[in-house]
Amino acid sequence: EAGVTQFPSHSVIEKGQTVTLRCDPISGHDNLYWYRRVMGKEIKFLLHFVKESKQDESGMPNNRFLAERTGGTYSTLKVQPAELEDSGVYFCASTRQVNTEAFFGQGTRLTVV
Amino acid sequence: GQQVMQIPQYQHVQEGEDFTTYCNSSTTLSNIQWYKQRPGGHPVFLIQLVKSGEVKKQKRLTFQFGEAKKNSSLHITATQTTDVGTYFCGVGSGTYKYIFGTGTRLKVLA
Chain C
1 EAGVTQFPSH SVIEKGQTVT LRCDPISGHD NLYWYRRVMG KEIKFLLHFV KESKQDESGM
61 PNNRFLAERT GGTYSTLKVQ PAELEDSGVY FCASTRQVNT EAFFGQGTRL TVV
Chain Z
1 GQQVMQIPQY QHVQEGEDFT TYCNSSTTLS NIQWYKQRPG GHPVFLIQLV KSGEVKKQKR
61 LTFQFGEAKK NSSLHITATQ TTDVGTYFCG VGSGTYKYIF GTGTRLKVLA
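Protein sequences, first through last, are from chains C and Z.
First residue of the first sequence? That's 1 in the working numbering, and the numbers climb one at a time after it.
First residue of the second sequence? That's 1 in the working numbering, and the numbers climb one at a time after it.
Keep in mind that the hints were calculated from the coordinates and are not lab data.
Don't take every hint at face value.
Claimed, not checked - Lysine to any residue pairs mimicking SDA-like chemistry, simulated, CA-CA at most 20 Å apart: (1) Z/Lys36 / C/Thr5; (2) Z/Lys97 / C/Phe65; (3) Z/Lys97 / C/Glu52; (4) Z/Lys97 / C/Thr73; (5) Z/Lys36 / C/Val38; (6) Z/Lys36 / Z/Ile7; (7) Z/Lys107 / Z/Gly40; (8) Z/Lys97 / C/Arg96; (9) Z/Lys36 / C/Gly40; (10) C/Lys41 / Z/Val44; (11) Z/Lys36 / C/Arg109; (12) C/Lys15 / C/Arg96; (13) Z/Lys69 / Z/Asn31; (14) Z/Lys97 / C/Thr100; (15) C/Lys41 / C/Thr100; (16) Z/Lys36 / C/Leu66; (17) Z/Lys70 / Z/Thr28; (18) Z/Lys57 / C/Thr100; (19) C/Lys44 / C/Gly88; (20) Z/Lys69 / C/Thr100; (21) Z/Lys69 / C/Val98; (22) Z/Lys36 / C/Met39; (23) C/Lys44 / Z/Lys57; (24) Z/Lys51 / C/Asn99; (25) Z/Lys97 / C/Thr111; (26) Z/Lys97 / C/Lys15; (27) Z/Lys97 / C/Leu66; (28) Z/Lys97 / C/Ile26; (29) C/Lys78 / C/Glu57; (30) Z/Lys51 / C/Thr73; (31) Z/Lys97 / C/Val98.
Using the sequences plus the hints, can you model the full thing?
Okay, here's the thing in structure tokens:
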């Protein structure tokens, strides 16, 4: 069984540019989560999809962040325009059911310069 | 909103010493999970605790869920250099959201 995959693994962009991160969850996992870890600190919740529906996006920092999961398969997280404080590692995780083992992707390290 | 705190934030131990991290929630939990993230890696699931007072062991790791289901601990006996990393507890918050504690970064000195 393939794990959660994220693309790209690294991205360096200039302030004001746009970046789109992609996450492919494990097949059959309806729940998809986005998290961000900044400078080795806590893993901060961003949002949660159940299939294609956003169940909770209370962790999204502001309207520069847009997440989609069309068709309930892979998800994208777009940052537009990027700011310096958006730098960090963005993790995606998927679960078969809520409150079960979460499988994390390798993360995308985003650096905004 | 619900808060999950972990202590300590950092811990340096000599190889062979024991290590414990604590996870404390402001609300009663239905379950709690523990994850380990190696430096440069991604969080990897270790275990889930569900029952009040539950204790589970994985080799040198002992996990405990508090009687009131508001706290949990992870204890490592005789640490090894392979135990280095950040240990996170994870809890369900609300109906669907799943949040993580602040993490405890463990460094093992050989």
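Original post:
Are the Cα positions of Z/Lys97 and C/Leu66 separated by 20 Å at most?
Top reply: Given that 20 Å is the threshold and the Cα spacing comes to 18 Å, the pair holds.
Original post:
Can the restraint linking Z/Lys97 and C/Glu52 be considered satisfied, given a maximum Cα separation of 20 Å?
Top reply: holds (16 Å)
Original post:
Hey, Z/Lys107 versus Z/Gly40, does the alpha-carbon distance stay inside 20 Å?
Top reply: Holds, because 14 Å separates the two Cα atoms, which is no more than 20 Å.
Original post:
Are the Cα atoms of Z/Lys36 and C/Leu66 separated by 20 Å or less?
Top reply: Status violated; Cα separation ~28 Å.
**OP:** Quickly compare the C-alpha distance for Z/Lys36 and C/Thr5 to 20 Å and report which way the hint goes.
**Re:** Given pair Z/Lys36, C/Thr5 holds - Cα atoms ~18 Å apart, limit 20 Å.
Subject >> Z/Lys69 paired with Z/Asn31 [C-alpha distance capped at 20 Å] >> reply: holds (8 Å)
**OP:** Mind checking the alpha carbons of Z/Lys97 and C/Thr73 for me, to see if they're no more than 20 Å apart?
**Re:** holds (19 Å)
Original post:
Quick one, are Z/Lys97 and C/Lys15 close enough, alpha carbons at most 20 Å?
Top reply: violated (30 Å)
Subject >> Satisfaction of hint between C/Thr111 and Z/Lys97, Cα-Cα up to 20 Å >> reply: violated (27 Å)
**OP:** For the pair supplied as a hint, Z/Lys69 and C/Thr100, confirm whether the alpha-carbon distance does not exceed 20 Å.
**Re:** Judged against 20 Å, a Cα distance of about 17 Å means the pair holds.
Original post:
Going straight from one Cα to the other, do Z/Lys36 and C/Val38 come out at no more than 20 Å?
Top reply: holds (17 Å)
Original post:
Taking only the CA atoms, is the gap from Z/Lys97 to C/Phe65 under or equal to 20 Å?
Top reply: The hint holds at about 18 Å.
Hints 12, 15, 16, 23, 25, 26, 30 from the list above are not met by this structure, while the remaining hints are.
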